[in-house]
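Student: Just need the whole structure built from these sequences, with the hints factored in.
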Amino acid sequence: MGADILSVAMFLILLIAVFLGHPLGFTLGGLGIIFGLVGYGPGAFFILANKTYGLMTNYVLVAIPLFILMAQFLDKSGVAEELYETMYIVLGPIRGGLALATIVVSTVFAATTGIIGASVVAMGLLAAPSMVKKGYSYSLTAGVITAGGTLGILIPPSIMLVVYGGLVGISVGKLFLAAFVPGLMLATLYLVYTFIYCFFNPDAGPPLPKADRHHSAGRKFIMATKSMMPPIFLILAVLGSIGAGIATPTEAAGLGCVGALLLAAGNKRLDLKLMKDALIATLKITCMVMIIFVGANFYTSVFMGLGGGDVFTDLLFSISDNKYVILTIMMFIVFLLGMFVDWLGILLLCVPIFTPIAVDQLGFNPLWFALLVSINLQMSFLTPPFGYALFYLKGVAPEGMTLGHIYKGIIPFVLLQLVGLALCVSFPQIVTWLPDLIFK
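Residue numbering for the sequence shown follows this note's numbering, starting at 1 and increasing by one per position.
Any given hint could turn out to be false.
Calculated lysine-lysine pairs in the DSSO-like style (CA-CA distance at most 27 Å, straight line) [unchecked claim]:
| no. | residue 1 | residue 2 |
| --- | --- | --- |
| 1 | K268 | K284 |
| 2 | K133 | K408 |
| 3 | K134 | K408 |
| 4 | K268 | K134 |
| 5 | K394 | K133 |
| 6 | K226 | K268 |
Using C-beta positions, here's what the derived DEER-type ranges look like [said to hold, decoys possible]:
| no. | residue 1 | residue 2 | range |
| --- | --- | --- | --- |
| 7 | A9 | F46 | 21 to 29 Å |
| 8 | A244 | F19 | 43 to 51 Å |
| 9 | I329 | L208 | 46 to 54 Å |
| 10 | D310 | E85 | 53 to 61 Å |
Source of the hints: derived by calculation from the structure; they are not laboratory data.
A quick note: this is a predicted structure, and the numbers were derived from the prediction, not measured.
Where a beta carbon is used, it is the ideal one built from N, C-alpha and C, also for glycine.
Tutor: Have a look at this one:
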């Protein structure tokens, strides 16, 4: 059997196995071993050992468990609760104020956690009951919580960007800086849309009744400043240390863990139970991520070695020789896979194949292309049928909120993410301006 046929069969069987619901990490590793033995013989085991050892010695990947641990500490520190209560008071009097407050808090929380599940669940528990009680529509409530929560995978510190950097050898610090402006741009698009929607549909997002508006402007300013200081301290500790060249991303992740621990202690939430729960959750998530990483790394090595990369390149260039048409096709493939496959699987499967085509053959900026893929992958958390953010919210949703409401609510926000992606394609400076400014 020819190597080209083997690589095509390898890819098709993977798609079938994923759609059947088999565990991704073991599926990738198993297919790598089977097709590796067919293509290389017993030498496939040496490839597996070599690739696994390479992951074990990758210093950048140490940041993954540290950022996960930071998110666990922060999730239990009470910072998000205090911030939401303040934004509730500050923005509540305007139409859609609670929805705007949810987006603001989600954006700040995203810049301190990097974990989608933590952001969506935290805001689902904090904001959803309050918004529904105040008369906000179920679909708008679901939309702002899930869309705001997905910012955590893009706005640094993002575990996805750490994995991306370790996968293709791009500086994680540059990825963090490149993602900052696109992340804030998406948050701004959400805010503008929500404000306009509620302005013309006040029943969907009514303002707080006058009886609840008893705080002066000065008091609101003091409350906002006080509640914003802890997360800003943590953001500066992590991103500031990277941007200033004081710490590597891995060292900054350790610094973030200490900062989150101090915030939990400052809010009197630090105890043995918190430590135990955070460490166990970090261990479970890290093991899951690394098993997928080992399996995907081995699978990709065998797939590329059998000529899969060349087959895919020839297929793309047979469709068109226009680089933007090829880019659109690659983005569509990532978007389509995002409906069915976990972001980590997509990242580990597609990036090693797409990056050489985009950078070496089409001449695109690797940092810019990385952010296009990352913004696209953010949509995978919202797109049915397997958008993780949808199920995170459903698990903590208030009574009466159905999956139908959640699916309806995410539609405008997925469209806004597509708009954000199109803006980054049209204006690459959105991505490249900040890292060029810092690292010039």
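Student: Each hint should be assessed against the structure and marked as holding or not.
Tutor: Evaluated hints:
1. K268 to K284: 26 Å, holds
2. K133 to K408: Cα-Cα ~20 Å, so holds.
3. K134 to K408: 20 Å, holds
4. K268 to K134: Violated, at about 30 Å.
5. K394 to K133: 17 Å, holds
6. K226 to K268: 16 Å, holds
7. A9 to F46: 21 to 29 Å: 23 Å, holds
8. A244 to F19: 43 to 51 Å: 46 Å, holds
9. I329 to L208: 46 to 54 Å: Given range 46 to 54 Å: holds, Cβ gap about 48 Å.
10. D310 to E85: 53 to 61 Å: Holds - the Cβ-Cβ distance for D310 and E85, about 57 Å, lies within 53 to 61 Å.
When held up to the earlier numbered hints, the structure conflicts with hint 4 and nothing else.
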